[in-house]
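**Q** So the sequence shown is residues 1 to 403, counted in my numbering.
There could be a bad hint or two in this list.
DSBU-like, lysine-lysine: derived pairs with alpha carbons at most 30 Å apart [claimed, not checked]:
id, residue 1, residue 2
1, Lys259, Lys366
2, Lys85, Lys141
3, Lys110, Lys59
Keep in mind that the hints were calculated from the coordinates and are not lab data.
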Amino acid sequence: MPITPIDWIVPAGIMMCGLAFIGIRFLGFSTARWGYSLCFLAGGYALMLLEAEWTSPFKQIAEDNFILISVILACRALNERLDIKSSLSFDIGMIVVCTTMIVVALTLLKSVRWETIFVQACCAFTLWIRTIRFSRIAATKADRLLAWTFLVFAVLLTFQCLIYIAGPQAGQQIGAWRSSVLGNLVQYTGLIGSIVLAFAVMIATSLDAIETYRRTADTDPLTNLLNRRGLDSLLASRRGRQLLGPSTAVILADIDHFKTINDRFGHTFGDLVITRFGALLQARAGEQGCVIRLGGEEFGVLLPDIPLDEAIGAAEVMRRQFAAERWTQSGADGAFTASFGVTLTMDGEPIEGAFERADQFLYAAKRAGRNCTVGGQYSVADGEENGLVFAHPARHAGPAISA
1 MPITPIDWIV PAGIMMCGLA FIGIRFLGFS TARWGYSLCF LAGGYALMLL EAEWTSPFKQ
61 IAEDNFILIS VILACRALNE RLDIKSSLSF DIGMIVVCTT MIVVALTLLK SVRWETIFVQ
121 ACCAFTLWIR TIRFSRIAAT KADRLLAWTF LVFAVLLTFQ CLIYIAGPQA GQQIGAWRSS
181 VLGNLVQYTG LIGSIVLAFA VMIATSLDAI ETYRRTADTD PLTNLLNRRG LDSLLASRRG
241 RQLLGPSTAV ILADIDHFKT INDRFGHTFG DLVITRFGAL LQARAGEQGC VIRLGGEEFG
301 VLLPDIPLDE AIGAAEVMRR QFAAERWTQS GADGAFTASF GVTLTMDGEP IEGAFERADQ
361 FLYAAKRAGR NCTVGGQYSV ADGEENGLVF AHPARHAGPA ISA
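Whenever a hint applies, use it, and build me the whole structure from the sequences.
**A** Structure, rendered in structure tokens:
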């Protein structure tokens, strides 16, 4: 059966999508592996159109392996998003198994139908193995979209294998399979599948770009902690609403005499001090807590579900650890210190109220001589110390309550 220009629509369309993805990688998008996958798929479908009986079974082996390799590359691109290691031995093993099954189908069974079943089964098996693990840990919208897309492909290929098993055998003349119902189903499944994959990848790439922009806007570039805008975004999120409970600790920390540090040792060293201080706070806050760089040398820490005395104790640990840091390798002698203000959110209170109280207690720590922690539940008048908890450097046994 002669090949018409319409027959080339499938491989040409897939190839154009693949080349487009390879091209836009130069714009900074990680789409090259997706493009290689589509190009291999296009190559496989192009080989299907060639009616050269003398090349059998080599042509069929080549075209089927092109299709399988395209699936392998797509799965590798998928797993690469979450740094999931793809086994090269598994990929090579699938190619060897697929090739062996194709040879059996064409030489022993003399059946194009079973050849199709075998290659579709290998593609479906690869999709199931590689996608299930990815789908279990996919967290972002983009990753979940791709996971569902690949799972649908796996289900579709599995279903097609069952259809082919029950379907009729195509004739033996050249081009008979391509013009059969099952042959058309394979070709247009590839075309539609590649279009769906292309749209899924484009949407996922767009979502990635939006997420990258949001993360950049919400993150302090020096410390990789949230900034003030990031704090607002966090508090508006589901996790942020969990942080707004009545027993969430708000800790404000400020590096003492930071201007002097900058003037004496330079801004590069000052950046190092800020970075290490932020890392120390993050390590103590843990996964449940949240650390924000509010600006300059001032940081905020949110600790959910914690009593006031434990929050003060946590701030004391942070203060002591920072004071114990040594900077001799950076050319600075001595130690640097920080002051802390601690309070708890109250039921129904805007978070701004807790930050204002913590800021008030932070300045009380500054007035008390710096390098100490001051905590309390309620605001006090300037100079008033009743109800405040002062934790001083010399009192390592625990915080002292001033009367």
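**Q** Run every hint past the structure and note whether it holds.
**A** Going down the list of hints, with the structure as the test:
no. : hint            : verdict
1   : Lys259 x Lys366 : 15 Å, holds
2   : Lys85 x Lys141  : 21 Å, holds
3   : Lys110 x Lys59  : 15 Å, holds
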